[in-house]
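Colleague: Chains A and B, in that order, give the protein sequences. Count the first sequence with the numbering used here and you get residues 1 to 156, in order. Count the second sequence with the numbering used here and you get residues 1001 to 1216, in order.
One should not assume that every hint holds.
Computed footprint of chain A on chain B; a stretch qualifies when at least three of its residues, placed anywhere within it, have a C-beta under 8 angstroms from a C-beta of chain A [said to hold, decoys possible]:
hint : region
1    : 1100-1114
2    : 1155-1169
3    : 1173-1183
Within a straight-line C-alpha distance of at most 20 angstroms, the following computed DMTMM-like cross-link-like pairs (lysine to aspartate or glutamate) qualify [what the hints assert, rightly or not]:
hint : chain 1 : residue 1 : chain 2 : residue 2
4    : A       : K40       : A       : E70
5    : B       : K1213     : B       : E1125
6    : A       : K141      : A       : D119
7    : B       : K1213     : B       : E1184
8    : B       : K1049     : B       : E1125
9    : A       : K40       : B       : E1163
10   : B       : K1136     : A       : E34
11   : A       : K141      : B       : E1099
12   : A       : K141      : B       : D1137
13   : B       : K1215     : B       : E1186
14   : B       : K1164     : A       : E87
15   : A       : K141      : A       : E34
16   : A       : K40       : B       : D1173
17   : A       : K84       : B       : E1163
18   : A       : K40       : B       : D1165
19   : B       : K1164     : A       : E70
20   : A       : K40       : B       : E1129
21   : B       : K1049     : B       : E1184
22   : A       : K141      : B       : E1129
23   : A       : K84       : B       : D1165
24   : A       : K40       : B       : E1125
25   : B       : K1164     : A       : E67
26   : B       : K1072     : B       : E1186
27   : B       : K1145     : B       : E1163
FYI, nobody ran anything at the bench for these hints, they're computed from the structure. Quick reminder that beta carbons are idealized off the backbone N, C-alpha and C, glycines included.
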Amino acid sequence: MRYVASFFILMSLFAPAAVFADPAIGVTSAWISEAPPMLKVHAGYLVIENHADDDVILLSASSNAYERIEFHFSDIIDGMASMKIQESITIPAGTRFEFSPGGYHLMLINNHNPLRAGDHVSVSLEFNRKITIDINMTVRKPGNYQQQQQHHHHKH
Amino acid sequence: MIKNRLLLSSLFVVICVILGLSVGILTSNYYRSEETTPAIDGFLWPAPKVIPPFSAVNQDGARFTHEDMEGKWSLLFYGYTHCPDICPVTLAVLQKFYEKLESEANASNVQVIFISVDPGRDTPEKTAEYTRYFHKDFIGLTGSKSQVDQMTRMIGIAYFLGEKDASGNYLVDHSASIFLVSPEREWIGIFSAPHQPTDLLQRFQAIRSAVTKLKQ
Ligand SMILES: [Cu+2]
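Just chain B, same shape as in the assembly (with noise of 0.2 angstroms):
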């Protein structure tokens, strides 16, 4: 009677600590799964891509290289000057968001960047006049051709030149999207349009916290 009791009350021991464990298991799974991969819409991890080396000319005509990339966190726009919708709404968006971290004096790691995919319009001096009309401290790069496909590539975007009229005008197809690009230089983050300026401040600031998180 007494040994079966102890039996008894030995195994009800046996299976608490066996259902505590096994709890224990999964929730701290459950919590380490949630640390590396938080919910955020657009986030790319784990294992982003890291950018390759590239080079452009920037709007004061200067070189522009991966290394430019380093140490700040850069959100990327493709698009072309001779766009009146897509573009000037984005950009109308990203200056939004740039002043809004710069009210909360926390835009200093952070670069706009436009790269135009029109380098046959878009000299060096057109960027300039477009990316200041919507910030001065936007970063406007273009260069040849084959830098333009490298920087297209490097996010594995493409751009389609249309054909011209009579007054020599022409489209371009090209991404929507805004790229996040962290300060090692990975590419962690795509924002699909439409585009608001407080959704892609919330996104933006979620991610770069997951990130220094994640990197302690």
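Chain A with its partners taken away, still in its complex shape (with noise of 0.2 angstroms):
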């Protein structure tokens, strides 16, 4: 019985260290494009890279400057374009996932306070096995996709 009892105990002194950054899972090239002031909506990109040999899934993103944040993946199916809401994103082990501009991207909505080229952003990232990996994503001008791909923000 004691047995058991000090296990929950050493248990839950590890549980929450296990909240902060996790080697395994790396993200780089975060951004945000720049809107103008009026639109309340944004879109966020960035990298994930999974190390591990196990799949991460990404279940969930927030910032204390936005309302809430969704998945959103553009689809252009026949030349219409549209939006689709992914619950989570599975990045398979030894993988990278991008979420880049016109595909895969961060729907960052209702920002409390304007963003201007230049801002910082922190942004939480909440994954399965209690990771949780806390970004900073720098908001920029919109531009196409080539041109973002040549730029490489680590992770600060």
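Grab the two chains, each in its own frame, and use the hints to assemble them into the complex.
Modeller: Next up, the structure:
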């Protein structure tokens, strides 16, 4: 009995420790596309690298700067563009997942304060296995896909 | 013997003439067909459709009609201002395209037109703020639902308004292509996504010079 209790105490000590950055997951090229001030929905882009031997699942994202964040995919079928909500994003073991213009994006909804190019926004990414990664996203002018690819901003 | 040789050589001449003629006819046909339908991806030729009369409201709240498309090359893109991904990416491409033309002093008869398919939210003021963010010269059209429908029907494209969420936001499905209309109001080109500024510029210039040549 005492053995079991001490096991749980031990577990509760370890659980919060797991919340901090996990070396198995890397986030790079995180940025938010600047928008005209009247626009309250922004798109955010980043690359997630899963160096682990297991798949990881991105479950949710949140930020103090926005009301809420969704995961979207811009699909173009027969010339028609539509944004589709993704409940979660699975990053298979040993692969990288790219959120990029015209494809997957973080849909950042209702910013509380105006955001201009050069500003920084901190965003929390919640993964399965109780992993949370806090990232710093830079607001930049909108651009086309190729141009963004040339920049490589590493996690701060 | 001499008669035979004469017959042979005249036959030879006749064959040569026939061969020469047919080669000439074939190549002239080839060149003509090259000239009438240059291989430019997205070039709608021959028999382009003429844009029918329409009216809309521009970013200054003024009337904009089919007549405002005459005498200028128009690039049309249909979207909505609450669109954070495809629309800004496309308008940023059009911005770079237009700035390149400006730097070559070639933009005076070119207009970029953003057409909102979300008249419920996109007032002329909001459309103005949106288009000016990308370029001061860009035109932003909105209007009543029937005016917007008129502008989507003239190209034959659809749009769908999604359901409202708890905070009243909704998504809109819309065309991702850029459409080119000639100074004679002919719908002459279609550029499919994904767009790149240099590719768009090259195809636009190829179509513009082909049409100018074809109409001489
Ligand atoms: Cu989205």
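Colleague: Are the Cα atoms of K141(A) and E34(A) separated by 20 angstroms or less?
Modeller: holds (5 angstroms)
Colleague: K1213(B) and E1184(B): Cα distance at most 20 angstroms?
Modeller: Holds, at about 14 angstroms.
Colleague: Are the Cα positions of K1049(B) and E1125(B) separated by 20 angstroms at most?
Modeller: violated (32 angstroms)
Colleague: What's the verdict on K1072(B) and E1186(B), does the C-alpha distance respect the 20 angstroms limit or exceed it?
Modeller: holds (11 angstroms)
Colleague: When you check the alpha-carbon spacing of K40(A) and E70(A), does it fall within 20 angstroms?
Modeller: holds (14 angstroms)
Colleague: Please verify whether K1145(B) and E1163(B) have alpha carbons no more than 20 angstroms apart.
Modeller: It holds: about 17 angstroms lies between the C-alpha atoms, which stays within 20 angstroms.
Colleague: Quick one, are K1213(B) and E1125(B) close enough, alpha carbons at most 20 angstroms?
Modeller: violated (40 angstroms)
Colleague: Please verify whether K1215(B) and E1186(B) have alpha carbons no more than 20 angstroms apart.
Modeller: holds (13 angstroms)
Colleague: Starting from K40(A), check that the Cα of E1125(B) is at most 20 angstroms away, please.
Modeller: holds (16 angstroms)
Colleague: Quick one, are K1164(B) and E70(A) close enough, alpha carbons at most 20 angstroms?
Modeller: holds (15 angstroms)
Colleague: Do at least three Cβ atoms from the region 1155-1169 of chain B come closer than 8 angstroms to Cβ atoms of chain A?
Modeller: holds (count 5)
Colleague: Compare the distance between the alpha carbons of K1164(B) and E87(A) with 20 angstroms, and conclude whether the hinted pair is satisfied.
Modeller: Holds. K1164(B) to E87(A) sits at ~18 angstroms (cutoff 20 angstroms).
Violated hints, in rising order: 1, 5 and 8; the structure is consistent with all others.
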